Amino acid sequence: MLPADRFDKEGFLRDLDDWEPSVAQQIAAGEGIELTQAHWELLNLLRDYYAEFDSSPAMRALVKYCAVKLGKEKGRSIYLMSLFPGSPAKLGSKIAGLPKPENCL
Amino acid sequence: MVLHTLNASPNSAAFRDCLAAIAPGDALLLLGDGVYCVRGATPACEAILRCGAQLYALDKDARAAGIIATPDTVTITDMTGFVALTARYPRQLAWY
Amino acid sequence: MSVTVTGKKTLVVIRHTPYGSSLARAALDAAMAMAAFEQAIDILFLGDGVLHLMPDQDSAAIGVNNVGKLLASLPLYDIDSVYVDAASAAKYRIATYDTPIAGQFLDQAQIQQLLSRNDHLLGF
Amino acid sequence: MIYSLLVLSSPVSGQGAQTAAAFAEAVLAAGHTVRRVFFFDAGCYAGTDLAVFPQDETDRLGPWIDLAEQQQVELVLCISSAIRRGQLDATEASRHEKPCASVHPAFTLSGLGELVDATANSDRLVTFGG
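Protein chains in written order, with our numbering: chain H, 364 to 468; chain P, -10 to 85; chain V, 168 to 291; chain G, 3 to 132.
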């Protein structure tokens, strides 16, 4: 377990280098999510996206990226919402250890 | 038809790019540092006069810069005139 | 928030270098936001803006995002078209086959026509 | 006609920002509406409540406050441009654990969606840069 002071008041990592799979589980638990294999598939996809494009995706781009990488069935916002309810791109990025969004979209 | 607004001196990349993008029927409003483009008898002024656009300069910025005498084809305008130009031309592009 | 799609077409004109000021990134953020809200949006790289299309960008050591990589994500945002000022690209020896995203190279007359085809022009 | 303004110019460098405020006033005086003024990039400094201007130069904040308070013009600072320039309202100051707010209450901080909405729903979008 990473100590509480390694997170800001909204639960984002202060230092992205702290991220590792066990930390992802810790953040997810704080959001009331138990990570399954389907969650991990998406978290890895988000990290791949970040590595490929040096940015976190907006929802529209994430849906399309899922369709390209994981197939049409999973490239739908309803599927993403079922795993990361509310705002999948934001919540997924938080758990995947990507930068805190600037609230722009 | 485009209203181009140029806020950059005649030595700038913005000036060059703006002149190249102007089409017949467009208008060009000079404001801020752009007003130096209509200092009479300069190469920049001659280039501007040949560009094919209706030419305007914002009064307050021209006065501040010491641009008092401008060629006849350049209309000195105030804020009300600026608004009227944006109403007449359906789109504006800012160069700076 | 949601934004009504009104059928208006916007062109974002990018004229500044990618790493020399904050304007260039602002322009790309604006374009990506328009696309994320499903508005019709095109991008034109003009003048020094064509330097966005340099191959082999690696900005890790200057601590800002890699613009070349960011451009490569634009197809995922359904940006309609990317246009490039051919004369400026030639001046910087930027070739069509070498850019991080595919763009249509336009001459001066085509650029003038493009400007008149859009409802709004956002110049950065 | 419905206008929106995009302000990229810093309020303390050149005339762009002051011209924008005067333009907004002239738009209203001509009988048009201003749907929104969106401040982006260096334009976001317009919202500062902490800057001190020389007494013998024009006040850079006053014209915007007049537009907001007397003419109900909506003034929006791009949140991402604003916070990296130290332009925070109370909510953002708390969210990012900063000691105080710095933006005048006549302005709101919001996302680029507000610019997207302005372009989609205005007859004219006029940009002020430089």
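There's no promise every hint is true.
Cβ-to-Cβ under 8 Å is the rule here; a few derived chain P residues that face chain V [to be verified]: (1) Met(-10); (2) Asp6; (3) Ala10; (4) Ile56; (5) Ile57; (6) Ala58; (7) Pro60; (8) Ala76; (9) Arg77; (10) Tyr78; (11) Gln81; (12) Ala83.
Okay, derived cross-link-like pairs now, SDA-like style, lysine to any residue, Cα gap no bigger than 25 Å in a straight line [as the list claims (entries may be wrong)]: (13) H/Lys372 to G/Val14; (14) V/Lys175 to G/Gly113; (15) H/Lys437 to H/Lys453; (16) H/Lys463 to G/Arg87; (17) V/Lys258 to V/Tyr244; (18) V/Lys176 to G/Arg86; (19) V/Lys258 to P/Ala2; (20) V/Lys176 to V/Ala228; (21) P/Lys49 to G/Ala92; (22) H/Lys453 to G/Gly113; (23) H/Lys463 to V/Met168; (24) H/Lys463 to G/Gly88; (25) H/Lys453 to G/Val14; (26) H/Lys432 to V/Tyr259; (27) G/Lys100 to H/Leu379; (28) G/Lys100 to H/Glu465; (29) H/Lys372 to H/Lys432.
Derived by calculation from the structure, the hints in this document are not laboratory data. Since the structure is predicted, the reported quantities are computational estimates derived from the model, not experimental observations. By construction, the Cβ of each residue, glycine as well, lies at the ideal position given by its N, Cα and C atoms.
Here's how the hints hold up against the structure:
1. Met(-10): 7 Å, holds
2. Asp6: Holds, because the Cβ-Cβ distance from P/Asp6 to chain V comes to roughly 4 Å (cut-off 8 Å).
3. Ala10: Since chain V brings a Cβ to about 6 Å from P/Ala10, closer than 8 Å, the hint holds.
4. Ile56: 23 Å, violated
5. Ile57: 29 Å, violated
6. Ala58: For P/Ala58, the interface hint is violated, since the closest Cβ of chain V sits about 30 Å away, which is over 8 Å.
7. Pro60: 24 Å, violated
8. Ala76: Since chain V brings no Cβ nearer than about 15 Å to P/Ala76, farther than 8 Å, the hint is violated.
9. Arg77: Check failed: Cβ of P/Arg77 comes no nearer than 14 Å to chain V, outside 8 Å.
10. Tyr78: Result: violated, 10 Å to nearest chain V Cβ.
11. Gln81: With Cβ-Cβ at 7 Å, under 8 Å, it holds.
12. Ala83: Status holds, d = 4 Å.
13. H/Lys372 to G/Val14: It is violated: about 35 Å lies between the C-alpha atoms, which goes past 25 Å.
14. V/Lys175 to G/Gly113: Roughly 20 Å separates the two Cα atoms, so the pair holds.
15. H/Lys437 to H/Lys453: 18 Å, holds
16. H/Lys463 to G/Arg87: Answer holds: H/Lys463 to G/Arg87 is near 17 Å, not above 25 Å.
17. V/Lys258 to V/Tyr244: 29 Å, violated
18. V/Lys176 to G/Arg86: 30 Å, violated
19. V/Lys258 to P/Ala2: OK: V/Lys258 and P/Ala2 at ~14 Å, within 25 Å.
20. V/Lys176 to V/Ala228: With Cα atoms ~37 Å apart, V/Lys176 and V/Ala228 exceed 25 Å; violated.
21. P/Lys49 to G/Ala92: 37 Å, violated
22. H/Lys453 to G/Gly113: 14 Å, holds
23. H/Lys463 to V/Met168: With Cα atoms ~19 Å apart, H/Lys463 and V/Met168 stay inside 25 Å; holds.
24. H/Lys463 to G/Gly88: Roughly 17 Å between the alpha carbons, so the hint for H/Lys463 and G/Gly88 holds.
25. H/Lys453 to G/Val14: 35 Å, violated
26. H/Lys432 to V/Tyr259: 35 Å, violated
27. G/Lys100 to H/Leu379: Judged against 25 Å, a Cα distance of about 20 Å means the pair holds.
28. G/Lys100 to H/Glu465: 15 Å, holds
29. H/Lys372 to H/Lys432: 34 Å, violated
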